[in-house]
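> So you can see what is in the structure, the chains are spelled out below.
There are 2 protein chains.
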Amino acid sequence: MVVGIIGIGLIGGSLAISLKESGLATRVIGMDASQLNLDKAVRRRLIDEDLPLEQGMDVSDVLVLATPMDAMLNLLPRLLDRIRPDQTLIDVGSTKESLLDLVKDHPRRGRFVACHPMAGTEFSGPEAAVPDLFTGKTCVIVDAQDSDPDAVDMAKRVFSSAGMTFTHLDRCAHDLHCAYVSHISHIASFALALTVLEKEKDEQRIFELASSGFGSTVRLAKSSADMWVPIFRQNRDHVLDVLDEHIEQLARFRTQLIKRDYDGFYERIQRANQIEKILK
Amino acid sequence: MVVGIIGIGLIGGSLAISLKESGLATRVIGMDASQLNLDKAVRRRLIDEDLPLEQGMDVSDVLVLATPMDAMLNLLPRLLDRIRPDQTLIDVGSTKESLLDLVKDHPRRGRFVACHPMAGTEFSGPEAAVPDLFTGKTCVIVDAQDSDPDAVDMAKRVFSSAGMTFTHLDRCAHDLHCAYVSHISHIASFALALTVLEKEKDEQRIFELASSGFGSTVRLAKSSADMWVPIFRQNRDHVLDVLDEHIEQLARFRTQLIKRDYDGFYERIQRANQIEKILK
Numbered sequence: 001m002v003v004g005i006i007g008i009g010l011i012g013g014s015l016a017i018s019l020k021e022s023g024l025a026t027r028v029i030g031m032d033a034s035q036l037n038l039d040k041a042v043r044r045r046l047i048d049e050d051l052p053l054e055q056g057m058d059v060s061d062v063l064v065l066a067t068p069m070d071a072m073l074n075l076l077p078r079l080l081d082r083i084r085p086d087q088t089l090i091d092v093g094s095t096k097e098s099l100l101d102l103v104k105d106h107p108r109r110g111r112f113v114a115c116h117p118m119a120g121t122e123f124s125g126p127e128a129a130v131p132d133l134f135t136g137k138t139c140v141i142v143d144a145q146d147s148d149p150d151a152v153d154m155a156k157r158v159f160s161s162a163g164m165t166f167t168h169l170d171r172c173a174h175d176l177h178c179a180y181v182s183h184i185s186h187i188a189s190f191a192l193a194l195t196v197l198e199k200e201k202d203e204q205r206i207f208e209l210a211s212s213g214f215g216s217t218v219r220l221a222k223s224s225a226d227m228w229v230p231i232f233r234q235n236r237d238h239v240l241d242v243l244d245e246h247i248e249q250l251a252r253f254r255t256q257l258i259k260r261d262y263d264g265f266y267e268r269i270q271r272a273n274q275i276e277k278i279l280k
Numbered sequence: 001m002v003v004g005i006i007g008i009g010l011i012g013g014s015l016a017i018s019l020k021e022s023g024l025a026t027r028v029i030g031m032d033a034s035q036l037n038l039d040k041a042v043r044r045r046l047i048d049e050d051l052p053l054e055q056g057m058d059v060s061d062v063l064v065l066a067t068p069m070d071a072m073l074n075l076l077p078r079l080l081d082r083i084r085p086d087q088t089l090i091d092v093g094s095t096k097e098s099l100l101d102l103v104k105d106h107p108r109r110g111r112f113v114a115c116h117p118m119a120g121t122e123f124s125g126p127e128a129a130v131p132d133l134f135t136g137k138t139c140v141i142v143d144a145q146d147s148d149p150d151a152v153d154m155a156k157r158v159f160s161s162a163g164m165t166f167t168h169l170d171r172c173a174h175d176l177h178c179a180y181v182s183h184i185s186h187i188a189s190f191a192l193a194l195t196v197l198e199k200e201k202d203e204q205r206i207f208e209l210a211s212s213g214f215g216s217t218v219r220l221a222k223s224s225a226d227m228w229v230p231i232f233r234q235n236r237d238h239v240l241d242v243l244d245e246h247i248e249q250l251a252r253f254r255t256q257l258i259k260r261d262y263d264g265f266y267e268r269i270q271r272a273n274q275i276e277k278i279l280k
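Residue numbers (the UniProt record's numbering), protein chains in the order written: chain Y, 1 to 280; chain H, 1 to 280.
To be clear, the hints were calculated from the coordinates, so they are not data collected in a lab. One or more hints might be untrue.
Identical chains blur together in the list; that is why a pair holds if it fits in one copy or across any two.
Calculated cross-link-like contacts (lysine-lysine; reagent style DSSO-like; alpha-carbon spacing at most 30 Å) [as the list claims (entries may be wrong)]:
(1) K222 to K199
(2) K222 to K277
(3) K104 to K259
(4) K222 to K104
(5) K199 to K259
(6) K20 to K259
(7) K259 to K222
(8) K199 to K104
(9) K20 to K277
(10) K156 to K201
(11) K199 to K277
Could you build all of it, start to finish, from the sequences and the hints given here?
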């Protein structure tokens with residue numbers, strides 16, 4: 001079958017690799033606002049060819065919308081206007097409320113399946129696409145009851161063939177849980193990078209003294225502003241909620257240091273250690 | 001030569017592996033307050049034998065002090081009281097001011113070389129020891145002018161044979177830079193774990209939705225309270241200084257979200273991205 005990928009970056013490109021490797025896609029069409037990205041994707045053999053949006057859409061059995069979130073808000077209604085009943089449209093976006101509110105009354109809403117494959121790296125663009133990005137990870141299917149059953153089946157075939165398992169959430173719960181588990185770690189990491197860049201004026205020292213621990217904590221700070229600002233914009237309220245909690249947790253460590261309450265500090269580190277049980 | 005390791009955990013145990021593999025140590029003696037740790041270290045063949053502290057000290061050419069920081073404060077003066085002029089004592093502690101202030105007038109101060117190998121993982125104990133922990137990393141030698149030149153040479157032989165390169169700092173600069181680059185990432189990670197555990201009451205959701213990005217940012221939150229509380233206690237003022245900056249950076253993201261200043265948010269993410277240049 002022919003898979004059309006709109007936005008051929010880290011996620012779109014990695015999915016293209018998986019779908020070709022699994023044999024589910026016989027042909028992968030790339031569509032992208034940037035001709036530079038399309039050229040890279042062709043050179044890296046992520047896609048078989050690139051086509052203009054409407055042309056690429058018409059020849060695809062399945063369409064995967066994998067642009068940044070703000071472009072999705074713009075594209076999704078236009079794609080649904082044009083979609084045929086034998087086609088399935090899947091997105092891979094990190095927030096769902098605004099997107100799904102936008103198309104909730106669209107006559108062809110059923111052809112659309114809102115998905116969030118919980119996978120990624122701190123890199124972006126077609127050069128960042130890698131095989132096996134999705135293997136063993138979870139794909140969240142959001143508000144599945146609003147999609148046609150055959151469209152949901154198709155979405156599951158796509159992500160199964162990339163090695164994913166599934167969970168279901170409604171759009172509010174999805175955005176809430178993603179703020180808690182994913183979006184806050186990006187803000188924490190951006191803030192840590194800014195902290196160190198602000199305090200440590202001697203870049204050579206950072207280079208010398210940064211152990212792998214620092215590198216790990218700050219890894220997400222390399223993530224793209226083009227991708228993340230639209231996510232924070234669309235999930236603003238949930239992100240603010242969890243950001244308040246995070247600042248509060250840091251302020252408590254601060255108070256404990258000021259008061260020299262090292263027993264309390266010890267007890268809270270032990271509580272933080274419990275994350276290990278959940279993360280395997 | 002015989003190397004005695006006092007505190008046979010992640011760092012002491014990993015160093016023992018490297019020193020035996022490189023051939024620098026013909027025999028490794030383990031000393032530890034915990035007989036359980038010693039038994040594990042013998043079973044894992046990290047050490048050739050375990051001995052009581054004074055006995056093990058007397059038969060060692062080089063002694064490596066690798067306990068948590070609070071035990072170091074207790075042990076270092078006692079070890080210097082007993083050390084012979086043909087022996088070298090090295091520590092691997094994460095803070096240096098209190099430790100070095102404590103022994104600055106000791107008549108055998110010259111036999112001691114204060115070292116901080118910038119390497120580690122979130123795990124602890126002899127079971128966490130791994131080969132190649134130090135390879136390619138930096139070892140900071142602190143206040144080298146207060147150590148006998150032959151003792152410094154010996155310390156360099158030890159860490160060179162583990163694959164490390166060297167940099168020099170005085171004790172105040174060391175503690176300051178480590179607060180900036182290492183200690184704050186641990187607090188940030190502990191606080192992030194507590195944030196997520198507080199907000200996300202549904203542990204199964206964390207398990208399902210946590211991508212590798214979250215896992216990376218929160219990795220250090222698995223670190224041991226026994227190791228880290230003494231570090232925060234001894235480096236309290238510098239840690240408070242950088243923690244204030246970190247809370248301020250997060251508060252700025254918060255203000256930008258509240259004001260919907262997404263251009264400002266974008267600009268600050270791009271600034272955070274600059275950490276990439278420094279971290280290779």
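> Next step is simple, just say for each hint if it's right about the structure.
A quick look at each hint next to the structure:
no.	hint	result
1	K222 to K199	both (18 Å within a copy, 25 Å between copies)
2	K222 to K277	both (27 Å within a copy, 10 Å between copies)
3	K104 to K259	between (53 Å within a copy, 28 Å between copies)
4	K222 to K104	neither (35 Å within a copy, 43 Å between copies)
5	K199 to K259	both (24 Å within a copy, 26 Å between copies)
6	K20 to K259	neither (59 Å within a copy, 45 Å between copies)
7	K259 to K222	between (35 Å within a copy, 24 Å between copies)
8	K199 to K104	between (48 Å within a copy, 29 Å between copies)
9	K20 to K277	neither (36 Å within a copy, 34 Å between copies)
10	K156 to K201	between (49 Å within a copy, 28 Å between copies)
11	K199 to K277	between (34 Å within a copy, 17 Å between copies)
Hint check: violations occur at hints 4, 6 and 9; the rest are consistent with the structure.
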